[in-house]
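Model the full assembly from the supplied sequences, consistent with the hints where possible.
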Amino acid sequence: MPPLSLPFAPKRVLLGTTTYEQLATFITARRSDLDVRGAPFLSITPDQLGWADTFVGFKRPPAATSMGNVRWVHCTGA
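Residue numbers (the working numbering): 17 to 94.
No lab work stands behind these hints, which were simulated from the structure alone.
Among the hints, a few may not be true.
[Stated by the list, open to error] Just the calculated beta-carbon pair ranges, DEER-fashion:
1) R47 to N85: 15 to 23 Å
2) T81 to A45: 30 to 38 Å
3) T81 to R46: 28 to 36 Å
4) H90 to E37: 16 to 24 Å
5) T61 to W88: 16 to 24 Å
6) P23 to L58: 28 to 36 Å
7) K27 to P62: 15 to 23 Å
8) A25 to M83: 14 to 22 Å
9) L58 to L22: 26 to 34 Å
10) S48 to T81: 27 to 35 Å
11) F42 to K75: 16 to 24 Å
12) Q38 to W67: 18 to 26 Å
13) D49 to T81: 25 to 33 Å
14) R87 to T61: 16 to 24 Å
[To be verified] EDC-like, lysine to aspartate or glutamate: derived pairs with alpha carbons at most 16 Å apart:
15) K27 to D69
16) K27 to D51
17) K75 to D51
Virtual Cβ for every residue (Gly too), placed ideally from N, Cα, C.
What follows is the structure, encoded as structure tokens:
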């Protein structure tokens, strides 16, 4: 069976949670190909959203006028 080919593969993941440091360590230990950063949810800035291609948060995307370069939003509370 050929490998799964996806139209989008995350490279820059922004975590919006107070436990972002622990979660970033967990993710990068398993996926060293990802650049993972984070900040508490209420501290997410437009610059961070401009850097990221993926946002992971517990409740919802940040209240921002733009999601920057984010192409995938993953809600872990869903």
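Problem - Violated hints - listed by number, lowest first - result: Hint 17 is the one this structure does not satisfy, whereas the remaining hints hold.
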